[in-house]
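Colleague: Given the structure of chain F, go ahead and fit chain B onto it with the hints provided.
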Amino acid sequence: MPEQVLSLNGLSKRFGSVVANDDVSLTLRRGEVLALLGENGAGKTTLMNMLFGHYLPDAGTIDVSDEAGRMRPLQLGHPQAALAAGIGMVHQHFTLAENISALDNITLGSEPLLALRRDRKAARAKIEGIIEKSGLKAPLSIPVGRLSVGERQRVEILKALYRDARVLVLDEPTAVLTPQEADTLFENIKAMTNEGLSVIFISHKLREVLAFSDRIAVLRHGVKVGELETSAADEKAIARMMVGAETPKVSRERMAAGAPVMQLKGVSVVGRSKRDTLQCVDLEVRAHEILGIAGISGNGQNALAQVISGLAVPTAGAIHIVDSEISKPTPQAMVSAGVGRIPEDRHREGIVGAMTVAENMVIERLGDMQVQSRGLLRRDAIQSNAKKLAKEYDVRGPGVTAPSRLLSGGNIQKLILARVFEHAPKLILANQPTRGLDMGAAAEVGRRLLEARERGAGVVLISEDLDEILGLADRIVVIRDGQLTETESHDRERIGLMMAGEAA
Amino acid sequence: MIRIEPRNSTSRAFALGIPILSAVVSLALAAIPLMLAGANPIVAYGEMIKGVFGSVFSISEMLTRATPLIFTGLAAALAFRAKLWNIGAEGQLYLGAMAAVAVGSGAFDVPGIILIPLIILLGAAAGAAGMAAPTYLKIRFGADEVVTTLLLNFIILIFLQMMLEGPLQDPMGLGWPQSAPVLDQGMLPPLVDRMRIHSGLIIALVAAGIAQFMLARSVWGFKLRAVGENAAAARHAGINVNRSLFGVAIISGGLAGLAGASEVAGLKGYLTADLSPGFGYTGIVVAMLAGLSPVGVVIAALFIASVFVGADSMSRAMGVSSFLADLVVSMSLLCVLVGGFVAKYRIIRADTGKAAR
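Sequence lines, in order, name chains F and B. Per this note's numbering, the very first residue in the first sequence carries number -19; after that it's consecutive. Per this note's numbering, the very first residue in the second sequence carries number 1144; after that it's consecutive.
The shape of chain F in the complex, shown without the other chains (with noise of 0.2 Å):
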């Protein structure tokens, strides 16, 4: 068995009321792929949080071995004493600083503040030397900017290559990636641990998981409750330790389209940057159909997403919702058309979370019968369609009169879906709908977005998350640079290449 590398022992990390960690140990061996498994708030991202130091343990100690092979203790609460020791880190959101060369941010922070020259020509031939031995290419000399994704990830796992990591944790290195991306990113880690490097990463995709790790360790409320070599692994046991119990598998059965539901007719928005613009797209979508949208995400996903809710004015062409053209689009004219909206971030326009759960059901309808009579609020009515609601909609918390910020961001997204579903939209926008989901509140959204379809409704799903829209979609649209290519392949690697804009 190869040496030890790294220990965690015994770790514990409470916020307030909420044990994020409890008692987490954990070992990593020599040139080793460890997958940290979990789902959304199981406690990935806090545990190695604190072996980076960026948190303070309530208990607990963390060993990591020298140049020499001997373990000693690391001090804890401390970047510094972390990244001397050989452990780097890779975020989850990238840590560049975009007006400089991606020389310049590998080396920044790891030179003398004083120094009076800088030696670049060393620094680069050891870079150089990395990218020889990991095949992690990225340009050097410009702008980190004007860098792909992929080539952003890479510069920042070079950074922490370059001050001698010996232990390196990913946060999610997969989720802005194409599959091809992702693909190569694996190859290279491959490449690395054969130099002896070790790597965690931290996923909650089961099948990259399962494809280039050697060892899977699953947490579970904070609590390690598997850990195992992933040749014994299955997908099947995986997903029953994240979760605790079998998933619910989403079933959906074939179904003929309607009638159109939204059409969208040359539709161009001129917006500041590539997120936010659409050039002329045509899109229709139809009754008793899901519409996958499907992309890298800054592909023009949020100008579609805020076109459909009403909030972004197209510079060109017109939106028809069922029969009847919207002129003036607004969010109000939207759902007054029948359009039902479940926003992509849902804590920052999904709800107001200082209002309650009541008040938030009735947000987008003020001007009901049922909310108000003469511009007072009904409140006694307000409340008993909010508590009906979270029975009907499973919404879990405090309860309905307190404020909504005390939810779960699984209830939150149950409370939302309830005051989109409860009025039987037509349309249903739901953009990113299963983001930062556990698996059971996920399943549930895809189990109501199936049931509206079966109702009569169509859905337009944009997600990054390409199983999920192979798995609930009829019809899948690609978005790439701001413009709609349908595709009639429900092939991964088909989609996967158009994604990255090299096949049609």
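A portion of the hints provided could be inaccurate.
[As the list claims (entries may be wrong)] Think about it this way: if two alpha-carbon atoms lie no more than 25 Å apart in a straight line, the pair counts; the simulated SDA-like pairs of lysine to any residue are: (1) K1193(B) / V1167(B); (2) K117(F) / T154(F); (3) K1487(B) / P383(F); (4) K1226(B) / R328(F); (5) K1487(B) / H327(F); (6) K308(F) / A298(F); (7) K1226(B) / L356(F); (8) K367(F) / V1167(B); (9) K216(F) / L186(F); (10) K1487(B) / K367(F); (11) K1487(B) / L356(F); (12) K308(F) / K1193(B).
Rather than coming from a laboratory, the hints here were simulated on the basis of the structure.
Modeller: Frame of chain F; chain B shown alone:
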């Protein structure tokens, strides 16, 4: 290392005890400069309490002082609830006061039953206009209202001086920069004979009551709260954010204008450039102390007016500098604000990882 975390819950006793404790601490702290100035703090505080609650007259003085603070406090509290930062209540107050003397000092010699409502309405309208303009600039061009409303205060003050030496100047005023007096029938009736307390207080209390009710119970208040707490979600839900902002701007400016009209037509009778000792700015403090609640504004305004009036009377009785009065006022405000912070957050010593209790 010290970290600050929000408290999960605040018990009722704790929420009530903190402000009282803060007030006591502030008095203890203010005792130090008092002693340095040679005054016995216990006697001084006795004088202070006597200065506020010692007689009907002193209570009337305190309530008279609280009246404009309730108006400006409401102006700030409502605007702040929508995250519209109206720092211009001082200027809006003077606009209201100018409108009050413009109509009230002889332009219309009509019976009081017509003149008083006219003064009140035009006073409010002038203040509303003073807030509507910067809000329009914010909505239309994204101009930061903190800057525009603050700077408008100075512009309005200079405009006031110009008016007081020009069109609004009292022809009988021997050249002093002051306006002609409001006609007798235009004055707000006093509440108690031979006291300064006037019916502006009733208007202020009614305004606070209406504001409280509308905020909690009306669709208007619902929208206002939603816009203030999360404008992105409000917009997504179909609430017209700009309309809500503009609506609250008009009400906020109107309340500040009422403060000016009520000071002129209820208390002073004429307008000078020192009508307000910073009521507009103190209104912001009142609103913050009140946690932006209209009923809280009334309580906070009474508290601040008590400290002002009491400290004033104490400095006169003890023969210490009147700056000490300002010091007592400032210290008690700081203490109450710190106390409010302690009530909301707790401080954690992070080196042990355990919460300090």
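Colleague: If you test the structure against every hint from before, which numbers come out violated?
Modeller: 8, 10, 11 and 12
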